[in-house]
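Undergrad: Chains as they are written, first to last, in numbering that gives the first Met the number 0: chain A, 0 to 303; chain B, 0 to 556.
No lab work stands behind these hints: they were computed from the structure.
Ideal Cβ positions, reconstructed from N, Cα and C, are used throughout, including at glycine.
Only part of the chain B face toward chain A is listed, based on derived beta-carbon distances under 8 Å:
1. A3
2. R182
3. V187
4. Q204
5. A295
6. C298
7. V304
8. S307
9. G373
10. E387
11. R393
12. V400
13. P405
14. G442
15. Y446
Single-letter residue listing:
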Amino acid sequence: MTETPIWFTPPPRSPRLPEAPPREVRERIALEIDGERVEVEQGATLLDACRAAGREIPTLCYLETLTPVNVCRICVVEVEGARVLAPACSRKAEAGMKVATESPRVATSRKLVLELLASSVDLSTAPGLAELMARYGARPERFGANAASVAQPVKVDNDLYVRDYGKCVLCYKCVEACGVDAQNTFAIAVAGRGFDAGISTEHDVPLPDSACVYCGNCIAVCPTGALMPKPEHDLRAVGRWDEARQTRTDTICAYCGVGCTVTLHVQDGAIVKATSPFENQVTRGNLCVKGRFGFEFVQLGRRR
Amino acid sequence: MFGAGGGTSSYREIEETDCILLWGSNARETHPIFFHHLLKGVRSGARLIAVDPRHTSSARWAHLWAGLDVGSDIALANSVAREILAAGLEHKEFVEHATSGFEAFRAHVEPWTLERGERESGVPAAVIRELAHTYATAPRAMICWTLGITEHHNAVDNVLALINLALLTGHVGRYGSGLNPLRGQNNVQGGGDMGALPDRLAGFQHVENEPLRQRFEAAWGVPIPPKKGWHLTGMFEAMERGELTHLYVLGENPMRSEADQHRTRKLLEGLEFLVVQDLFRTATAEAADVVLPGSASWCEAEGTVTSSERRVQRVRRALPPPGEARDDLEILFEIARRLGHDWGEPSAERVWDEVRRVSPAHAGMSYARLEAEGGLQWPCYDEEHPGELFLHSRLWERPVVGPRAPFHCLEHDPPVDRLDEEFPLRLTTGRRLEDFNTGVQSGGYVYPRRRGETLDLSPEDADRLGVAEGERVRVRSRRGAVVAPVHIDESLRPGLTFMTFHFPEEVATNLLTIDATDPVSGTAEFKAAAIRVERLAAGDSAERRDRSERNDLVEAT
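Excised from the complex, chain A in its bound form (with noise of 0.2 Å):
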């Protein structure tokens, strides 16, 4: 061959770095949040405003990964003028607006949201919930111990995760993750009305005869513990779940070129559990089935 192949020196370094068409840049506008003057992206939500001024507005059903559907309340503030308190989650923000985060009228609604959750819902293993109530002074015993309740039995019916709706505050966020957010599998949804509302595989079916692929992705967004994966279920059952004793490592997944960040949650010598960031730019928070319960073969018996 005299031509030499082009494979066989190395490409030439690009003159010009190869970049992204620039973003369209948005107009800024200028509100209040609690009286300071903070300035936001045309289209941003008040959620966002309010955390550019540097408040901590609670949330339970939202996640930046995935759409806002506003039906838990807790992001409530006061916009000056407005008849009803806003969901921050999913209310733009706009020019000139002012906006109370802590007004008596915010704090009231989110202590009666709060007592209304935790009244009818197991919020056991719900993080950071207990300080909420704290926060907001929350007394849901004060509607009676025969105060409505979901409670019911813990569905066990494959070796990946449980369900337990009893604690289940009907976010619909593993609605949205298993949606169009993430995993496009649509293998739930909530079924029923009112205060029987309930999320559900397809005519209740179990998980094993649904469409599920046991990805997790609703595990990872649930934000009280109502899925949770077997292993973590079983080891608080029997009371050796402690997080206080858990490292968690980041590495990337065995499996396929992908390139997945996992977080390996490790607990005596042993992975206890796997997720991934929400901030990771490859998953944001998503794995497949393989990543997220296929690590088990470093540990199992036989390598021993």
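Fit chain B to the known structure of chain A by using the hints.
TA: Frame of chain A, contents of chain B only:
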């Protein structure tokens, strides 16, 4: 491609492209999180075209499905190219400025009319036409592929055929337009980048290129063999000739994963000395003289891997290797020491810094930056360089920087294992969502819907053969036979059958596959075997014979 062995684009680009040509890839199941990005693209208006013999779970998301006959990719690509030219949809400016060999290519594909394309590929002319027009007229377009392209005896030609389409339309070297092989293992890309290829040194630098080789010789202070070595298939041929007698296998299970297993077993057992370093006592380890228990590099060791978007990312030790198993790096350093070379304390970061010294494309990637920036994409030439979002933007410079990208005139060459009256059905192989390769890893967790190995048949073929769902049948190819239960699968066209190789201890699918390989890449034609299906009578002696054949394989594990 074009001298850089990696996909050209980043995942974020597929969310903003206008046309996605998914060719020989069931990414929905094999690269699920990449498919999330792809679906974001589809939801934003991109047209998805799936080219696959099976109407896969990925194809079900497609606006257009080209169900081609296994191994007719070049026929289809040539016909697509011819249609693009006939309709005048080629990117004339790009072709003129950035490519070479165009006139010869135009003449070469001229006979590939839509009618001939349909005849040779089985894809209806109207579908070929729509594919060609959609791809060529999209402002941005991506081609993504997997093993449906590369597990063929003419794998390299298949890839070149896809490159031809990108060159013809200018769909490479721009944001949102590119050519992307999706890698099947977490470090296939990195392994190749590091020189775990017979003709490459670290940084994908060709070993037969003297100035490049000399740089390594200077860095290492030792002479390097100036000729390329053997790829995997070449190694087996060398064993056959008696030229390769000693083998050191790290984290690979060829006894199960290679095509034509009878031959593989004979050759591995015929070696004078076999060392296996693995997590498990695999079938290959059973045949070894020495077994070195290694570590799971993704969670028991420090290091880096490289993804399908050329992103180098850190793997970290989350727990220590069990028992007497050791970090693979420690094992290699210890072997070096016993061979008289003290490399000092094993350290993944020090090894990586050596890579940075010899590979210009990795020079800027310090561990500190990899930590802080969530990985970096090569090439990354210095500590200030951010890494390249997409490759080959040089082809759009005027004049083009570096060599022009060549067109290749490619002949359609159907699979080696021909269909005939004796072996009338096409068997193709692949992965399922929940499983992985020979099942060593994925066998460790219980998937609620795992059904084990099956011979997947089209409803028409199942009818014609008179076999029912779950019925055990004997599958025979020219090389061997296995017994497997039937699964009726509507995604298969008549004449096409499918198996995985995830359950080799139950059904040794690779007794059936053919080891016809690509002369350049050495990849075997796992995607195309000719088989027939035989019904089993109760107590069929044939079944007993096949079972003993299988047990013979099982006993070793």
